[in-house]
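So the protein sequences, as listed, match chains A and B. Each residue of the first sequence is one higher than the last, beginning at 1 in the numbering used here. Each residue of the second sequence is one higher than the last, beginning at 133 in the numbering used here.
One thing to keep in mind: the hints can contain errors.
Only pairs whose alpha carbons sit at most 30 Å apart, straight line, appear in this in silico DSSO-like list of lysine-lysine [stated by the list, open to error]:
{"id": "1", "chain 1": "B", "residue 1": "209", "chain 2": "A", "residue 2": "97"}
{"id": "2", "chain 1": "A", "residue 1": "2", "chain 2": "B", "residue 2": "203"}
{"id": "3", "chain 1": "B", "residue 1": "139", "chain 2": "A", "residue 2": "25"}
{"id": "4", "chain 1": "B", "residue 1": "139", "chain 2": "A", "residue 2": "62"}
{"id": "5", "chain 1": "A", "residue 1": "30", "chain 2": "B", "residue 2": "139"}
Rather than coming from a laboratory, the hints here were simulated on the basis of the structure.
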Amino acid sequence: MKISIQINEGPYQHQASDTAYQFAKAAIEKGHEIFRVFFYHDGVNNASRFTIPPQDDRNIVKLWADLRQSDGSDIDKVVCVAAALRRGMLDESESSKNGLEGNNIHPSFRISGLGQLIEAGIQSDRLVVFGD
Amino acid sequence: MLHTVNKSSFERNSLQSCVNTIDDSSVILLIEDGVISCTNNANLPMIASLAAEGRVYALQGDVDARGVSSKVADNIKLVDYAGFVDLVVEHGATVSWV
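So that you can see chain B by itself, here it is in the shape it has in the complex:
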C-alpha cells in the first residue's frame, strides 16, 4: 500500500501513527507539510530504517516550496507529481494520513 502523510511531525503525530501501523510491503510518500519530516533538522529516527530500505518518498515540489531541498535526509526518494501517480498505480490502495 501507499501511505501519504501531509503534516509535519512537529505538528501532528500522523507520521508516527503511520510508521507504527504499516506492513512490510508499504511505502510512505510525504506531501505538503509532511515533507518537513524528511529533513535533517527533523532528524527523525522513526523513518530512518524505512528510508534505508528505500521506502520513503517525498514530493519534490513541496520540498522546494518550503526551502528545504538542501536538507533532505539521505535515502529519501524525491518524486514529482508524475512519480506520485506512479506510486499510486504501483502500490494498490492509497491511505491518506492527515
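In isolation and in its complexed conformation, chain A is listed as follows:
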C-alpha cells in the first residue's frame, strides 16, 4: 500500500515527528511504500541540516534522512516552501533567489509547494497527519 505522511510540528518540541518516524519505519518493515513525507508549518524544522542534538539523544533529522524504502530507495521528503521561507529554512536556490548567503535544508529533503501535498493525497492509498 502507498502511504503518505504529513508532519506539522518541529523536532524535540512535539512528539509528532517521532511518532511519524516510528510509524513510517513500521510501515516500511511491513512492506508498504512511503509515497511522500510532507513537512508543513513548524514541521519544516525537521529538515535543518544544522541540527546537533546531544550525543545521547536521537537525531531526528538524521533518522529521517537515513530512512529508506524496503528496497533501499530514497523516500521523497518535501518541505513546504512558504512555511520554510518564513522560518528561515532555505535551500541553495531559495537562498540565492532572495539575495542571501548560506542555506540550511538537509540535502535529503527538497523544498516544494502545497501541490505536492495534494498530489500525495491523490496518489497514495492513505495520508496520515501527525502534529497539532
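Since chain A is already given, all that's left is putting chain B on it; use the hints.
Frame of chain A, contents of chain B only:
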C-alpha cells in the same frame, strides 16, 4: 475510518468531539498524550461504550512512556507501531484529531 486522538481529555476536548462525530464503523486510536484518556484515573464514560465494542485502541509505547500501563481501562486494545500501521491499512481514511 480510523480516528487518532493525540491529546489528553484533561487538556482538550478533541476526544469528546471525536466520539460525538464518528460513525458506527469507525475506531479510535489514542496516541501521544491521548493515551491518558484510556486510564482508570480518567474514568471516562465517553469512551466506555466504544471500548466495550472493542473500538478503542491505544499505542503501547506511549502508554509505557507515561507510566500508566497498569491503569489502562478494560477493553482498551493495546497496539504497537506495526499495529498502528495495520489499523491505517484496515480502516480506510485516517482522521487526526488534535
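A quick look at each hint next to the structure:
Pair hint residue 209 of chain B plus residue 97 of chain A does not hold up; C-alpha atoms about 52 Å apart against a cutoff of 30 Å. Of the supplied pair hints, the one linking residue 2 of chain A and residue 203 of chain B is violated, its CA atoms being roughly 36 Å apart against a limit of 30 Å. Of the pairs offered as hints, the one joining residue 139 of chain B and residue 25 of chain A holds, with about 23 Å between alpha carbons and a cut-off of 30 Å not exceeded. Distance restraint check for residue 139 of chain B and residue 62 of chain A: the Cα-Cα separation of roughly 27 Å lies within the 30 Å cut-off, and the hinted pair is therefore satisfied.
With a CA separation close to 27 Å, the supplied pair residue 30 of chain A and residue 139 of chain B stays within the 30 Å bound.
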